[in-house]
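Asker: For reference, the chains in residue letters:
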Amino acid sequence: MVKEIERSGLPVVHVCTVTPISMTVGANRIVPAIAIPHPLGNPSLPKEEEKALRRKIVEKALKALTTEVTGQTVFKD
Amino acid sequence: MKLELGKLTIRDIRFSEESKISEGILYVSKEDLRRVALTEEKIKSADFDIARPGESVRITPVKDVVEPRVKTEGPGGIFPGFIAGVDTVGSGKTLALKGMAVVTTGPIVNFQEGVIDMSGPGADYTPFSKLLNLCVICEPVDNCEKHQYESALRMAGLKIASFVAGLGKDIAPEETETFETPDLLTGMKAFPELPRVAYVQMLQSQGLLHDTYVYGVDAKKILPTVLYPTESMDGAILSGNCVSACDKNPTYIHENNPIVEDLFKQHGKTINFVAHVITNENVFLADKERSSNQTAKLCKMLGLDAVIISEEGFGNPDTDLIMNCKKIEAEGIKTVIVTDEYAGRDGKSQSLADADKAADALVTAGNANQLVRLPKLDKVIGTMDYISKIAGSSDKALQSDGSIEVEIQVITGATSEVGFHTLSAR
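Chains as they are written, first to last, in the numbering used here: chain A, 1 to 77; chain B, 1 to 426.
Bear in mind the hints are in silico, worked out from the structure with no lab data behind them. Backbone N, C-alpha and C define an ideal beta-carbon position, used for all residues, glycine too. It cannot be assumed that every hint is accurate.
[What the hints assert, rightly or not] Sample of chain A residues with no beta-carbon within 12 Å of chain B, all distances over it, derived:
#: 1; residue: Arg7
#: 2; residue: Ser8
#: 3; residue: Gly9
#: 4; residue: Leu10
#: 5; residue: Asn28
#: 6; residue: Glu48
#: 7; residue: Glu49
#: 8; residue: Glu50
#: 9; residue: Arg54
#: 10; residue: Lys56
#: 11; residue: Glu59
#: 12; residue: Lys63
#: 13; residue: Leu65
#: 14; residue: Val69
#: 15; residue: Thr70
#: 16; residue: Gly71
[Claimed, not checked] In the DSS-like style, the derived pairs of lysine-lysine whose C-alpha atoms are separated by at most 30 Å in a straight line are:
#: 17; chain 1: A; residue 1: Lys76; chain 2: B; residue 2: Lys220
#: 18; chain 1: A; residue 1: Lys76; chain 2: B; residue 2: Lys326
#: 19; chain 1: A; residue 1: Lys3; chain 2: B; residue 2: Lys357
#: 20; chain 1: B; residue 1: Lys357; chain 2: B; residue 2: Lys220
#: 21; chain 1: A; residue 1: Lys47; chain 2: B; residue 2: Lys221
Please build the complete structure, drawing on both the sequences and the hints.
Answerer: What follows is the structure, encoded as structure tokens:
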């Protein structure tokens, strides 16, 4: 899906836990997620901390979306 | 480390007043079995049944399959960390009851368990249709959490297998096979000309009841480590998972791992079988990276020339598999990987979720998405209530004539990734 949307001209950020698979399938902007059963959060954290964590992932993804890349890039920080 | 594995073939199982083994027949008292099962406080009731090869019987939902074994000499006991203490096992003498198994059933998570058919086309897809199966059917107490039910049923299976094996403790085995692994230095001196080979076994450890245990430790919490290959024969590794039952290793397969046995057959002839390395398949990327790094490090430390790597499961563990393969190959060690495929019902989709050029030697155990039609059988041990929910089935599975159309994914052991069953490809 990442590749098809990008082919139509829209940049895509792939937020995923297993970034090596994202690299294998050819995503260009990759943001690491938390874990396979809960990619976008961490249920073991207190609510407030989890909210902050979720926001951080979304902000990182938005930043990645607006960053020029020359090849496949994993946005670690 | 040397283990003498004695084998006693069980020719039939019968319910009886008294529990004993006589002339190759296992007699069991339901009362004795119930007493053992009910030591698990989360189990409300336990019933038992016997399924024989060729009978028109379907067992479902299957949780685990266990071969009864007992230590007759030497340190420790079978299933260390659960049934016995945590002494290192794998030496001395062990007695295995061959030709039979203890099969636990219960709708724990209902889509996570498997199917064993004792006859018909389904029987060809499972290695466990060839055994006399003592089935354990347990109901949980009210308000029992799923993970408590899983643990209780797992323990009940192990306890009943140990109880049954104990009945054979004083009977001389019909045959004995000896397995011996020298320590590293002795092995190196004894076989200087032979390639040094190890087995790297990946253990399912994704959590949410997809777990494996090593000496009582949840495998998701281990760093990769090295075992003598005989340790798993004494139950050092055991199963706590069965979802997509085709390619999970029930405890029976850990006790009888064919990769371990085949490497032993070649030991001292074509290879020097150095060690059994175990690692896990966790759900955090850092865990995957750490475990594959440590696995490659151990292979390097052991001075290996080649390894066989087996996966357990599919999907994201494909990445663990490829990481292990790539990193071990990068140390100059040859690898062969053993896996199965999820290539779609037509077999045309990509088989694994991940790939790499280093993975150029692969053995497949078949396509888990392959559809099969299983006829209605006369008797069900367990319940058919969840047959359309089991992973690999669907709400269209049940046909008007009572047969079911399902992927072989639902069948326990069908695409065993340690090659325990017969499917493969060229």
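Asker: Run every hint past the structure and note whether it holds.
Answerer: Consistency of the hints with the structure:
no.	hint	verdict
1	Arg7	19 Å, holds
2	Ser8	23 Å, holds
3	Gly9	26 Å, holds
4	Leu10	25 Å, holds
5	Asn28	18 Å, holds
6	Glu48	22 Å, holds
7	Glu49	17 Å, holds
8	Glu50	16 Å, holds
9	Arg54	17 Å, holds
10	Lys56	16 Å, holds
11	Glu59	20 Å, holds
12	Lys63	20 Å, holds
13	Leu65	21 Å, holds
14	Val69	20 Å, holds
15	Thr70	23 Å, holds
16	Gly71	18 Å, holds
17	A:Lys76 with B:Lys220	24 Å, holds
18	A:Lys76 with B:Lys326	22 Å, holds
19	A:Lys3 with B:Lys357	22 Å, holds
20	B:Lys357 with B:Lys220	28 Å, holds
21	A:Lys47 with B:Lys221	25 Å, holds
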